[in-house]
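K.L.:
One letter stands for each residue in the lines below.
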Amino acid sequence: MARILLNNVTKRYGKFKELAVDNFNMDIKDQEFLVFLGPSGCGKSTTLRMVAGLEDISEGEIYIGDTLVNDYPPKDRDISMVFQNYALYPNLTVYENIAFGLRIRKMPKHEIEAAVKRAADVLEIGNFLNRKPRELSGGQRQRVALGRAIVRSPQAFLMDEPLSNLDAKLRVQMRAEIIRLHRTIGVTTIYVTHDQIEAMTMGDRIVVMNKGVIQQVDTPEQIYHKPQNLFVAKFIGNQPMNFFEGTIEEINGYLTFSTQTFSIRLTDKQTKMFNQLRGVSYNIIMGIRPEYMSFEKEMFDVYPNAVLKGVLQFNEFIGSDHYYHLDSQGRESFTVRAHPRFSYREGEEVRVAIDMEKVLFFDSKTEKLLTI
Amino acid sequence: MKMIEVLRNFAQESKWKWSNFLLEIKRLDRTQYIILFFLTIASIFMLLPIVYIFNHAFKPLHELFLFPPTFIVQDPTFQNFIELLTLTSNTFVPVSRFIFNSVIVTVLATIAMVVTSALCAYALSKHPFPGSKLVFSLIMISLLFVPQVLQIPRYVVVESLGIMNTYWGHVLPLIAMPVGVFLMKQFIDQVPNEVLEAAKIDGASEFGMFFRIVMPIVTPAIATIAIISFQSAWGNTETSQLFMQDESMKTLPYYMMSLTANLANSVARQGAAAAGALIMFLPQFIMFLFFQRKVIATMAHSGIK
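Going down the list, the protein sequences come from chains A and B.
Everything in the first sequence is counted per this note's numbering, starting at 1 for the first residue and increasing by one.
Everything in the second sequence is counted per this note's numbering, starting at 373 for the first residue and increasing by one.
To be clear, the hints were calculated from the coordinates, so they are not data collected in a lab.
Glycine included, every Cβ here is placed at the ideal spot set by N, Cα and C.
Mixed in with the good hints, there may be bad ones.
[Stated by the list, open to error] Not the full set, but computed from the structure, chain B residues with beta-carbon under 10 Å of chain A:
| # | residue |
| --- | --- |
| 1 | V563 |
| 2 | P564 |
| 3 | N565 |
| 4 | E566 |
| 5 | V567 |
| 6 | L568 |
| 7 | E569 |
| 8 | A570 |
| 9 | A571 |
| 10 | I573 |
| 11 | G580 |
| 12 | R584 |
| 13 | I585 |
| 14 | I589 |
| 15 | T591 |
The following block holds chain A by itself, in its conformation from the complex:
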């Protein structure tokens, strides 16, 4: 168990020295479950592979525990890794798969047996230790891969999209199991995924990456509610956040956010913020999540000056909720989450209230969140 430190880690690829990972700084605490999240090709796997020692580090330093491991081969870094496609040895039985690393490290036979048994018990794979990987289902295979990872009791687990090959139901189940495993063993874990639900549910902290650059490092709540820039705001959220482009103007003595089709009055807090930023009348992107736009009467009472109209385009019913996709004068489109008791027909014009407390403002040039 150990903390992992990445100092200015950079990775360049190929002839033209293209940047895959740019100046990555990260302090992963002991026993932390850290998730790297990002679209494919954002450098999250590359970073993980650099920690594992499967990729060379172009610049920077990686520490595992107190040791600088830049020049250590993977086997001397005391880590273990779980791969997306399980990467089990197809020619060996489950038992031998788990015992492989221990045998190579010349552990006495009875200790190997005890260790494998312990790992098998934790993962409930004791019944098929004598089977070959091809005789197992996807979930069982991934469990064996986890067994192979935990049996050596390494300082850290590295997991590279371990659940992506499983079907949806199994994924939820294995997600819970990995969390349970982490709670019981408490080993520092780096978990790479492109699935935001996995990231949100599993991570103590999430690192959102794009094009090799860290966008934000924070707890799942902060990432969701206070995305530091437009990329994070767009990337996180199953139903994407709604964005409106507009400007801040002073109308009748109040600061308002105006787009081509509507104007809404800012709250006192927001007015104070924009006054401090002294950026009245520059271009702003407003972001609001679908669940904070509402048809509820109470919301109209609370925010009478934050109401806009839209024509219903289509409706997604997902059981517990409706997602209404609306269109404002053919210029702006947005999504509203509503309780199933609201039912509107397509083409109908409806009024929507915005929860102004939950509105986020981004500078349209720097794409950064505006805060004070």
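Fit chain B to the supplied structure of chain A, relying on the hints for placement.
P.N.:
Chain B alone, transformed into the frame defined by chain A:
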């Protein structure tokens, strides 16, 4: 295709069962029946020479020269084998020496060919280096040359290495085996890199990965290459002819060939030749039966079939 699948299931079945086979057959549709029909005819056609070799060796003299020739021996006899024995017992170098040479050369060459192909393919597949694609293309291009074209340069090389009249002279020219490298590479390409990376993290050395992970996964390819290289080494007369001036260093196939081919006409000693042909053929036949299952798996796998 379904046919390939049937063959593969067939090859992977640990126990041969007629009932299973018939079940598989029942599941085919009409076009597949037609394909199966033609394949059966083709395979009977290809089986004929083998039947012929077996029968020919046991034919008495008058049957050997029958026209039109018959496939099935009417009056089997060991006369041909006796003739072969008499012939061989009168030679300057005893035939046992040729057999010994052949066995040594074949075993050494087969092992060397398999090992070299595997190592070469592993490097090309899993450790690409600048120019590795070019190297692989060169190896593939070398498949295009007729052996005869290479005889003279090969002679020069063997001569300048000073390995004329040694076992090296038999084995070395055979070792480079483009087909083997190709087959192996097809197989090793399919071993996921992650499996090797997992082994690396588990602490395996490069050789550990090669012998404990890669080789067991590609056993079908090894079996196939073993058969092909066994065949080429066992039936090889070229090295005896070109590089061995010393009679006692020549191999059995060369000797068998010289029994008949060196005579003025090819009528005399037909019986001995027929018996010799069977003796030469048998080891290959046994070898093939031994590895057959794995070979079919390879063919289905690499898309050769």
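K.L.:
Compare the structure with each hint and give your call.
P.N.:
Evaluated hints:
A hinted interface residue such as B:V563 counts as satisfied when its beta carbon comes closer than 10 Å to some beta carbon of chain A; here the least separation is about 9 Å, so the hint holds. Taken as an interface hint, B:P564 checks out: its beta carbon lies about 6 Å from the nearest beta carbon of chain A, inside 10 Å. Nearest Cβ of chain A to the Cβ of B:N565: about 9 Å, under the 10 Å cut. The hint holds. The criterion of a C-beta within 10 Å of any C-beta in chain A is met by B:E566, whose closest approach is roughly 4 Å, and the hint holds.
At a threshold of 10 Å, the smallest CB-CB gap from B:V567 to chain A is about 5 Å, leaving the interface hint in force. Interface restraint check: B:L568 against chain A, minimum CB-CB distance 8 Å, threshold 10 Å, status holds. With 10 Å as the threshold, the beta carbon of B:E569 comes within range of chain A, its nearest partner Cβ sitting at about 5 Å, so the hint holds. Against a cut-off of 10 Å between C-beta atoms, the interface hint on B:A570 holds, since the closest Cβ of chain A lies about 4 Å away.
Annotation: B:A571 was flagged as interfacial toward chain A, and the flag holds, the nearest CB pair being 7 Å apart, inside 10 Å. About 5 Å separates the beta-carbon of B:I573 from the nearest beta-carbon of chain A, less than 10 Å, and the hint is met. At a threshold of 10 Å, the smallest CB-CB gap from B:G580 to chain A is about 7 Å, leaving the interface hint in force. About 8 Å separates the beta-carbon of B:R584 from the nearest beta-carbon of chain A, less than 10 Å, and the hint is met.
Hint status for B:I585: holds, given a least beta-carbon distance of 6 Å to chain A, under 10 Å. The beta carbon of B:I589 is positioned within 10 Å of a beta carbon in chain A (closest approach about 5 Å), and the interface hint is therefore held. A distance limit of 10 Å between C-beta atoms decides the matter here; for B:T591 the minimum to chain A is near 8 Å, and the interface restraint holds.
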